[in-house]
Each structure stands twice: as structure tokens, then as C-alpha cells.
Amino acid sequence: MTETDRNGEYDEWLDSIEAGEPYYIECAEGHGWLPPRRVCPDCGSRELSAEPLPEGGEIATHTTITVATPQFEDDAPYVTAIADFGPVSITGLVSGEGSEDAAIGDVVGIGVGERATTGERAVVFRPR
Amino acid sequence: MTDPRIAGAGVTQFGKHPERTGRDLFAEAGLEALDASGVDAADVEALYYGNFMGELAEHQGHQGPLMAEAIGVDAPATRLETACASAGAAVREAVKTIRNGEADVLVVGGAERMTNIGTAAATDALAIAADDLYEIRAGMTFPGAYALMARAYFAEHGGSHEDLAHVAVKNHEHALVNDHAQIQKEITVEDAMEAPTIASPLGLYDSCPITDGAAAAVLVSEDYAADHDLDAPVAISGTGQGGDNLALQDRPHLARTPAADKAAEEAYTDAGIDAADVDVAEVHDCFTIAEVLAIESLGFYERGEGIHAATEGETTRHGEMPVNLSGGLKAKGHPVGATGVAQLATIAWVLDGSHPRADAVPEGRVGVAHNAGGTVASTTVHVLEVRE
Chain A
4 MTETDRNGEY
14 DEWLDSIEAG
24 EPYYIECAEG
34 HGWLPPRRVC
44 PDCGSRELSA
54 EPLPEGGEIA
64 THTTITVATP
74 QFEDDAPYVT
84 AIADFGPVSI
94 TGLVSGEGSE
104 DAAIGDVVGI
114 GVGERATTGE
124 RAVVFRPR
Chain B
175 MTDPRIAGAG
185 VTQFGKHPER
195 TGRDLFAEAG
205 LEALDASGVD
215 AADVEALYYG
225 NFMGELAEHQ
235 GHQGPLMAEA
245 IGVDAPATRL
255 ETACASAGAA
265 VREAVKTIRN
275 GEADVLVVGG
285 AERMTNIGTA
295 AATDALAIAA
305 DDLYEIRAGM
315 TFPGAYALMA
325 RAYFAEHGGS
335 HEDLAHVAVK
345 NHEHALVNDH
355 AQIQKEITVE
365 DAMEAPTIAS
375 PLGLYDSCPI
385 TDGAAAAVLV
395 SEDYAADHDL
405 DAPVAISGTG
415 QGGDNLALQD
425 RPHLARTPAA
435 DKAAEEAYTD
445 AGIDAADVDV
455 AEVHDCFTIA
465 EVLAIESLGF
475 YERGEGIHAA
485 TEGETTRHGE
495 MPVNLSGGLK
505 AKGHPVGATG
515 VAQLATIAWV
525 LDGSHPRADA
535 VPEGRVGVAH
545 NAGGTVASTT
555 VHVLEVRE
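Which chain is which? The protein sequence lines are A and B, in order. Just so you know, we're using our numbering here: the first sequence kicks off at 4 and counts up by one. Just so you know, we're using our numbering here: the second sequence kicks off at 175 and counts up by one.
Note that these hints are calculated values from the structure, not bench results. As the structure is a prediction and not an experimental result, all values here were calculated from the model. Wrong hints could be hidden among the right ones.
Stated by the list, open to error - Facing chain B, from chain A, some residues (calculated, C-beta under 7 Å):
hint, residue
1, 26
2, 30
3, 66
4, 67
5, 68
6, 69
7, 70
8, 83
9, 88
10, 93
11, 95
12, 98
13, 107
14, 126
Stated by the list, open to error - Over the 12 Å line for every Cβ pair with chain A, so calculated as not near, a few chain B residues:
hint, residue
15, 206
16, 359
17, 377
18, 425
19, 450
Cβ atoms here follow ideal geometry from the backbone N, Cα and C, with glycine treated the same way.
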């Protein structure tokens with residue numbers, strides 16, 4: 004992929020995080036997802052709307068990855084976590100000082116960072 | 175409706191064969207299966223074949239016809255891809271086709287060539303079974319994904335890395351007499367605990383190796399087996415398949431594998447059995463935690479109790495419910511697209527008494543093969559039974 008390739012709604016979603024207005028997709032029944040979605044996989048609702056993402060997420064699980072793929076070679080070791088933001092959970096890289104001490108239950112904020120190996124954008128979590 | 179019989183099976187040595195082409199690996203397994211079955215290749219009506227990463231490892235798509243040709247079969251051939259459950263999906267299609275009366279003789283199998291591209295590229299190739307946008311771009315690897323599940327399991331149910339080490343020790347011990355196995359090396363709990371970390375809390379011995387290999391089996395209808403006087407005592411009496419959200423982040427529970435719950439329930443109902451009837455199982459232990467999740471989904475253990483099974487010795491060859499007598503993916507190896515059929519072959523050989531670990535269940539009548547793809551977003555479960 005070249006730097007000009009964009010993945011539609013996914014990159015728009017990253018843009019929204021960078022703009023300080025992150026969102027998620029919610030169906031009429033209140034099930035939360037990340038874009039793109041045209042139908043709720045849970046209930047089949049096609050009435051979807053973009054809603055503001057809650058500000059803080061809680062780390063649900065995490066791992067420190069030492070054996071990385073070539074795309075993350077220079078990032079390793081790094082911490083990948085799934086954080087629970089309420090209606091949605093999101094996978095991201097825990098960044099900043101002390102990231103190696105991440106623990107279940109830690110509260111994090113979401114941002115967009117840059118992968119050391121490729122310079123590509125990535126979802127990052129910063130301790131709050 | 176007729177339950178397919180396993181007329182013969184063949185498995186290559188699983189290991190590092192970087193110079194061997196996929197077609198040569200599959201030819202070895204497929205011809206061994208045909209020879210063992212006593213079935214004439216001219217009678218084969220179709221091939222269902224599993225392969226995951228052929229485009230990345232060998233620059234080879236459209237492998238179905240290539241593999242049929244490699245085993246001397248002139249019949250329609252279809253490749254199925256459900257990540258690491260590709261061969262399980264191939265078995266399921268064959269079972270349905272024979273039961274529907276649409277065919278009497280089918281070959282199922284799979285092959286994967288992986289070590290020729292090196293560990294880093296193979297890790298990268300395996301990762302594409304995860305969600306590219308939301309997981310891989312956040313640094314998730316496959317060991318990383320199972321590490322996330324393992325840590326969530328420990329937090330929810332307890333257990334420790336030491337319990338997982340017992341799974342590795344057990345499966346290594348089981349593989350010591352399996353000449354098809356990639357790793358025939360006894361290890362201790364201390365070895366497993368002290369091995370380098372790959373993705374915390376998982377270390378080197380929690381992870382299956384990267385493997386080249388192939389497996390195949392000849393499935394026939396009961397009528398064909400009877401008409402041709404085949405020695406095929408093992409039937410596939412139940413098939414099930416379950417699915418789940420592709421990305422871990424979209425699932426309500428990180429320490430459960432509901433796709434396997436669904437596949438097991440469907441397969442058991444199909445076979446008219448329940449978990450208590452199962453004598454032996456081959457489960458998809460790509461990582462040690464995966465075996466724990468599998469034996470819970472298969473109903474051998476309550477949720478949160480599977481973690482202690484290997485530690486207590488219950489799933490060893492001396493235990494009440496031997497799991498992965500082949501050595502599992504952990505020690506036997508995991509040529510991704512071949513694994514589901516290698517599991518099928520193992521259970522058939524254990525039940526007919528020809529497997530070197532068959533003495534673990536001398537009276538065994540019912541076996542189960544659990545084959546999982548990705549972080550268990552796809553799972554097949556097959557029930558095998560000895561029939562007279």
C-alpha cells in the first residue's frame with residue numbers, strides 16, 4: 004500500500020480521533036461497533052448512527068509483544084491492549100512512559116500515534 | 175443418510191521441509207491415503223482441500239486442481255479457507271456431500287508450506303487471519319491474540335502460566351512416539367516457564383512451531399465400503415461448525431470460544447452423543463491456552479476449570495480424558511491447512527488401534543476432532559465412532 008491509499012471509513016475514524024472527536028457506530032438497540040458497518044451483527048438493525056466515543060476506556064486485557072511481524076520490527080517490544088469504552092471495545096498500542104506497566108483496569112484515553120517501523124498511523128492508548 | 179467411513183489416511187512428517195513444494199507434500203499424503211484405503215483413484219469423485227497461505231508462501235493460488243493432479247485424481251477439486259480450520263471445513267463439506275448421496279468416494283486433505291519464507295514472514299502471513307484494520311494495525315500477532323485471551327482468562331477464572339506449562343509438557347510427552355511429529359523432545363515445567371517470552375504471558379513453549387506438511391484421508395459411503403469389502407471401521411457420525419466476530423474486541427467475552435461451543439453442540443446432536451460419551455480428543459492447541467478454551471467448549475470441563483486439567487494429569491495419556499495423543503499442534507506441528515485432516519487421521523488411528531498412543535484408550539469407541547481458525551472465529555468439530 005502506498006501512503007495515499009486510504010481505507011474509507013476506517014481512516015475517517017482515525018481522522019476523527021486526531022480531530023478530538025472520536026465516535027463509534029450505534030444501532031437502534033444500543034449495540035456498539037466501529038466503522039464501516041451497514042448492519043448490526045448482533046440484532047440486524049440497519050438504523051445506525053455515529054455517537055461520541057466515551058472519553059475514557061478501561062484496559063480489559065493486554066500483552067507485551069516481543070516477537071513482532073516485520074511491520075512492527077522496530078516497535079518491539081510494545082504493548083497491545085483491548086480497552087473497554089463501554090459501548091465498544093478497541094484494540095490499540097499502549098504508548099508513553101510506563102506503558103510496560105499497563106494493567107487490567109487501567110483507565111486510558113484514545114489517540115492516534117505513529118508506528119516506529121513504518122510511520123503508519125495506529126490507535127494508541129495513553130494512561131489518564 | 176449414510177455416515178462416511180474413513181477408508182484410509184496419510185500424513186507427511188510434520189517439520190521443516192523448506193525445499194519441498196506444497197504439491198509434493200500433498201502428493202505424499204494423498205497417495206499414502208489412497209494406498210491405505212484400497213480405493214482406486216479413478217473412483218474419487220471430488221477433492222476438498224484446505225490451505226491458508228499458499229499465495230503468500232508459494233505465490234500459488236487455485237490449488238485445488240493442482241493438488242488433485244498431484245495425487246492422480248481426475249475430479250473436481252475445491253480449496254476451502256477458514257484460516258487454521260481450513261481442513262476441518264473441507265472434511266465438513268465432504269461429510270455433507272456423502273450424506274446427501276451426491277458422492278460415494280471423496281478425498282479430503284490439506285497442505286501448508288511455511289518455513290521457506292522464514293519465521294518473520296510466516297508470523298506476518300498468519301496474522302492476516304485477524305482483522306487487518308482493527309487488530310493487525312494495532313500490533314496484534316497470533317501469539318499476541320492468544321496472549322490477550324490468556325490474560326483475560328487468568329483475570330476471570332484464575333490459573334497461571336504454570337498451568338499452561340503443564341499443557342506443553344503433556345503434549346511434548348505424547349509426541350515422543352509419533353514419528354510424524356515435528357518436535358520429539360521431552361520438556362519440563364521449568365523448561366516451559368523459563369523459555370523466552372513471545373507475547374506475555376505466553377512463551378516459546380506455549381506456542382506451536384511453524385511447520386511444513388500435508389494430510390489426506392479417503393472418505394467413502396457405507397455402501398461403497400461394503401460393496402468393495404473395505405476395512406473401514408471408523409465413521410464420521412457428527413459434524414458441526416460455528417462462527418464468531420472476527421475481531422476479539424467485538425466479542426462480549428475474551429476468555430471464551432463460543433464458535434467452538436456451537437460447533438460442539440451441533441456435532442454432538444448430529445451424532446446423538448454428549449460430551450460424557452467421548453473417549454479421546456484432538457483439539458486445536460495452537461497455543462497452550464487454546465487447549466484450555468477448547469476442552470471447556472467441548473463440554474469436558476466447566477467454564478474456568480479447564481485450566482487445571484493438564485496440571486492434574488486428567489488430559490494426559492494416563493488420564494480420564496486423553497487430549498492430543500498425537501502431541502497436538504504444540505509438538506506434532508501445525509501446517510495450517512493440513513491440521514484438521516491430520517487430527518481426523520489421528521483419531522481414526524487411535525480408534526482402530528493403529529496409533530502408537532492407542533493404548534491410552536484401548537476400549538475407545540468415540541473420538542472428537544476440534545479445529546479452530548483465527549482466534550476461534552471459525553471452528554469445526556467432528557465426532558468419529560467405531561462401527562462394526
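**OP:** Against chain B, run the beta carbon of residue 95/A and see if the smallest gap drops under 7 Å.
**Re:** holds, 5 Å
Original post:
Given residue 30/A as an interface hint, is the shortest Cβ-Cβ distance to chain B below 7 Å?
Top reply: violated, 13 Å
Subject >> Distance rule for residue 206/B, whose beta carbon must clear each one in chain A by more than 12 Å >> reply: Per Cβ check, residue 206/B is outside 12 Å of chain A; nearest 34 Å; holds.
Original post:
Against chain B, is residue 67/A within 7 Å by beta-carbon distance?
Top reply: With a closest approach of 4 Å, the residue 67/A hint holds.
**OP:** Return the status of the interface hint for residue 88/A: holds when the least beta-carbon distance to chain B is below 7 Å, violated otherwise.
**Re:** Not OK, violated: residue 88/A not within 7 Å of chain B, min 10 Å.
Original post:
Do the numbers back the hint for residue 26/A, that is, is its least Cβ distance to chain B under 7 Å?
Top reply: violated, 15 Å
**OP:** Answer holds if the nearest beta-carbon of chain B is closer than 7 Å to that of residue 66/A; otherwise answer violated.
**Re:** Holds - the Cβ of residue 66/A comes within 7 Å of chain B, reaching about 4 Å at its closest.
Original post:
With 7 Å as the cut and Cβ atoms as the points, is residue 83/A at the interface with chain B?
Top reply: Status holds, d = 4 Å.
Subject >> Minimum Cβ-Cβ distance from residue 425/B to chain A exceeds 12 Å >> reply: violated, 8 Å
Original post:
Does residue 93/A meet its interface restraint, that is, does its C-beta lie within less than 7 Å of any C-beta in chain B?
Top reply: holds, 6 Å
**OP:** Verify the interface restraint on residue 98/A: the C-beta must sit less than 7 Å from at least one C-beta of chain B.
**Re:** violated, 11 Å
Subject >> Cut-off 7 Å, beta-carbon criterion: hint that residue 70/A touches chain B >> reply: At about 5 Å, which falls below the 7 Å cut-off, the nearest Cβ of chain B leaves the hint on residue 70/A intact, so it holds.
Checked against the numbered hints above, the structure breaks hints 1, 2, 9, 12, 17, 18 and satisfies the rest.
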